[in-house]
Amino acid sequence: MKMLAALFCFTLGITNCSFAAEFALSSPAFNMNSMIPVEYTCHGKDLSPPLMWHNIPANTQSLALVMDDPDAPGKIWQHWILFNIPISLTQLEAGTPVPVGAGQAQNSWGKAQYNGPCPPLGIHRYVFKLYALDKVLNLSDGVDADTALNAMTGHVIGTAEWIGLYQTL
Numbered sequence: 001m002k003m004l005a006a007l008f009c010f011t012l013g014i015t016n017c018s019f020a021a022e023f024a025l026s027s028p029a030f031n032m033n034s035m036i037p038v039e040y041t042c043h044g045k046d047l048s049p050p051l052m053w054h055n056i057p058a059n060t061q062s063l064a065l066v067m068d069d070p071d072a073p074g075k076i077w078q079h080w081i082l083f084n085i086p087i088s089l090t091q092l093e094a095g096t097p098v099p100v101g102a103g104q105a106q107n108s109w110g111k112a113q114y115n116g117p118c119p120p121l122g123i124h125r126y127v128f129k130l131y132a133l134d135k136v137l138n139l140s141d142g143v144d145a146d147t148a149l150n151a152m153t154g155h156v157i158g159t160a161e162w163i164g165l166y167q168t169l
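Following the working numbering, the numbering of the sequence shown begins with 1 at its first residue and continues without gaps.
Please keep in mind that the hints were generated in silico from the structure rather than gathered at the bench. These figures come from a predicted structure and were not determined experimentally. Incorrect hints may appear among the rest.
Here are the simulated PhoX-like pairs of lysine-lysine, each with C-alpha atoms no more than 25 angstroms apart in a straight line [as the list claims (entries may be wrong)]:
hint : residue 1 : residue 2
1    : Lys111    : Lys75
2    : Lys135    : Lys45
3    : Lys75     : Lys129
4    : Lys129    : Lys111
5    : Lys75     : Lys135
Throw the hints in and build the complete structure from the sequences for me.
Okay, here's the thing in structure tokens:
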């Protein structure tokens with residue numbers, strides 16, 4: 001895409017053409033839209049998967065990560081809400097403890113922690129969405145999900161996402 005944009009600028013003779021690199025999230029444990037390994041699910045060790053990101057938008061003051069299952073029956077099921085991730089970090093290792101300065105909100109089980117995929121039936125999508133925020137959120141560890149998500153409203157300056165799949169065997 002960047003190559004195409006650069007070619008466009010060159011063709012039109014635009015010399016001050018610049019393109020910001022895209023804010024991106026990925027996991028070395030599984031490809032986009034592929035199966036999440038069992039060790040990151042309720043059928044394995046239930047570890048949070050390794051995640052990495054790059055090209056955080058300018059003026060970002062903190063990051064928030066939300067993992068949810070939009071295919072859960074009845075409502076979106078939140079598996080993990082991590083907020084106030086320091087912008088100095090560029091990754092979370094598998095099973096990582098909460099980074100210093102960060103906090104966790106309650107997931108749909110009412111727990112302030114990671115709970116991996118554990119769908120009832122069929123293949124479910126698990127969306128990891130990383131939010132670049134223009135402020136550090138004034139929240140306490142263990143707040144309810146709605147409070148954490150509402151605190152982000154109006155402060156999101158960029159998002160990146162990675163999607164994994166899982167089904168109960």
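Evaluation of the provided hints:
no., hint, verdict
1, Lys111 x Lys75, "17 angstroms, holds"
2, Lys135 x Lys45, "34 angstroms, violated"
3, Lys75 x Lys129, "17 angstroms, holds"
4, Lys129 x Lys111, "19 angstroms, holds"
5, Lys75 x Lys135, "29 angstroms, violated"
This entry does not satisfy hints 2, 5, going by the numbered hints stated previously.
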